[in-house]
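Taken in sequence, the protein lines are chains A and B.
To convert, note that position 67 of the first sequence is 67 in our numbering; the numbers rise steadily by one, no gaps.
To convert, note that position 338 of the second sequence is 338 in our numbering; the numbers rise steadily by one, no gaps.
Any given hint could turn out to be false.
No copy is singled out in the list; a pair is fine if it fits within one copy or between any two copies.
[As the list claims (entries may be wrong)] Once the Cα atoms are required to be at most 25 Å apart in a straight line, the calculated SDA-like pairs of lysine to any residue come out as: (1) Lys344 / Glu314; (2) Lys256 / Pro302; (3) Lys339 / Pro79; (4) Lys100 / Arg278; (5) Lys73 / Gly25; (6) Lys189 / Gly203; (7) Lys344 / Ile191.
Treat the hints as calculated values from the structure; they're not laboratory data.
2 protein chains.
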Amino acid sequence: MTNQVTCIHAEPLRNYCAALFISVGMSKEEAFINADSLVDANLTGIDSHGVSRMAIYLKRIRDKVVNPVCSTKTINEAPAAASLDGGNSMGAVVAYQAMKLAITKAKDVGAAFVTVRHSNHFGTAAYFTKLALKHDMVGFAATNGPSRMAPWGGRDPYFGTNPFSVAVPAGKQLPIVVDMATSVVARGKIILAEKNGEKIPRGWGMNQGGEVTTIAREALEGSVLPFGGPKGSGIALLIDVLSGILAGAAFGTTLKDMYANFNEPTDTGHIFGAVDIRKFRDLANFKNDMDQMIRDIKENTPAKGVTKVFLPGEIELRKREARLKDGIPISQPVLAELKEEGRKCGVLFDLV
Amino acid sequence: MTNQVTCIHAEPLRNYCAALFISVGMSKEEAFINADSLVDANLTGIDSHGVSRMAIYLKRIRDKVVNPVCSTKTINEAPAAASLDGGNSMGAVVAYQAMKLAITKAKDVGAAFVTVRHSNHFGTAAYFTKLALKHDMVGFAATNGPSRMAPWGGRDPYFGTNPFSVAVPAGKQLPIVVDMATSVVARGKIILAEKNGEKIPRGWGMNQGGEVTTIAREALEGSVLPFGGPKGSGIALLIDVLSGILAGAAFGTTLKDMYANFNEPTDTGHIFGAVDIRKFRDLANFKNDMDQMIRDIKENTPAKGVTKVFLPGEIELRKREARLKDGIPISQPVLAELKEEGRKCGVLFDLV
């Protein structure tokens, strides 16, 4: 029963979510971007960042701690740089604007970074880096988040799980889309293990006493661990520097948790980058080499116990194709939540 | 006896190495950059990338597979982008020029990337990112290298251990200098374990059969493993894309190993980046926030078994201060090698 799902096609799901956003004061265009970014996460199989986030997004707008109307301001600007103030509106819309600006600037001068302060949770970073692909650019996105992870050597949560994504276009092959949190696993997996009464593997988390633990609840009260030990911790730090400090946003423990603090803006920070391949090299040659690398890697002999070698993002992009055709499996609790939000918003629930 | 070291001060060591480089046809200025980059690695404790590389660098110049005279050409250029051809000269000199160009461009437009093709081993990436610090910029550097590491899921070496570095200035605190290979450990540690007849921990390497091994020799014949599994592998791939393919350099298995192929240029590729903080935010505020983050992290409660929390690069920068004062411990085999190179080059060995 708990694993029962209903398959819903992307378009009606997106329309329903957009209608919910419009009902709380969002413009049609911005509602579409927010809904599309969530549904795209579901399409690629990242259900933790999909429409299951609707309830918290809508709650924060209703509680007036997130502004449904986007009024981004430019703080500083140069040909290859800009810093924006997101005005505490929806993360995905501000992020979309910032990424577009980075792409426009890169088209002019070859490369650009755009930072964002006073923003909120933006969904998956890959949604924004993929925007660069159709411009034949390399896209980069990163964000900080609420404290969940101690710096390497410490025990008190300080960094968020600070994810980043890089997307690279190819020729005939699928593009490369790297998207990763800097923790070993998403905290959601530890929450799930606790719900199911299961132990977690050593290396996922640490208890409040600063000891590695296999008890899920202890890890949730303590700290998740960075991937690759000091290396993942170093990357988490760099992301907090670039998306937090460079942007003039919150960083470390000053960033508010959207699930715990319903009175204050999160002041989340992001950074986006775009690199125009043509400014460095003939585009066709670049794409040929990308295809060659991708073929090389696919032809690598699988390691013991592995049946096939996948490229970063390949599983997600293939899942996207399948789910576009067959629909997105939505769990009963998430479906019930979406229905309840329709009731609260006065929007007809027409998904089943 | 094998652990016996001689402490040599940085200046005479640098002068001696520069004299060796000059003797094989290098200009005084370029000889200084090459020598300084190696000695800086020793100063920061990264002895694997220090003057122990003199013998191979000089051998390749003598064998005429590396050009001692740097004749870098610009292939493409835009305000925030450039791609250079290193003309198969010394990696550190080309890298120095490329990083300087990225800094100059970032000063104008806010951010810039510079790629390099037809280059060679450049030493430590941190040597170049640290150049950005005195300009109050964030510095970025990455390079590819000969195939040592299978892509995640595969067993045949394809990526180099592809390191990257990011340096970030602070105010009163030491700067942050992240510098890491994308393998779990440097291959040099596995070579050392084999020499000492020791087993290696599970997770460092894989044998040719694609199985994780604890036997050093098997790992050397097989593949080293990426840090954080698929995550480190994804980062290694991105570095091969940016420093190899975007630069128009070799990538994957087409890059030649400087220790194995003495007939062909390595065609190593690099990428450098600079971000001018002032274009995003008031510099003093940025530095205050950096100092705050660094203090926060230093004050984090140490995890079980840890006595002190260190920032990325802190141990290296402190070692640098100590070795500048007390001298650099050079092992007997490396000292003998340096002496032998003096004999070959007709340069008086005056270090002991």
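Given a CA cutoff of 25 Å, do Lys344 and Ile191 count as a within-copy pair, a between-copy pair, both, or neither?
Neither: 27 Å inside a chain and 65 Å across chains, both beyond 25 Å.
For Lys73 vs Gly25, is the C-alpha pair at or below 25 Å within one copy, between two copies, both, or neither?
within (20 Å within a copy, 56 Å between copies)
Tell me, please, which holds for Lys339 and Pro79 at an alpha-carbon limit of 25 Å: within, between, both or neither?
Neither: 46 Å inside a chain and 52 Å across chains, both beyond 25 Å.
At 25 Å max between alpha carbons, let me know whether Lys189 reaches Gly203 within a copy, between copies, both or neither.
Classified as both; 13 Å inside a copy, 23 Å across copies.
If the cutoff is 25 Å on CA atoms, where do Lys344 and Glu314 land: within, between, both or neither? Let me know, please.
neither (38 Å within a copy, 53 Å between copies)
Go through the copies and call it for Lys256 and Pro302: within, between, both or neither, with a Cα cutoff of 25 Å.
between (44 Å within a copy, 24 Å between copies)
What label fits Lys100 with Arg278 when the C-alpha limit is 25 Å: within, between, both, or neither?
both (18 Å within a copy, 22 Å between copies)
The structure does not agree with the numbered hints 1, 3, 7 stated previously, though it agrees with the rest.
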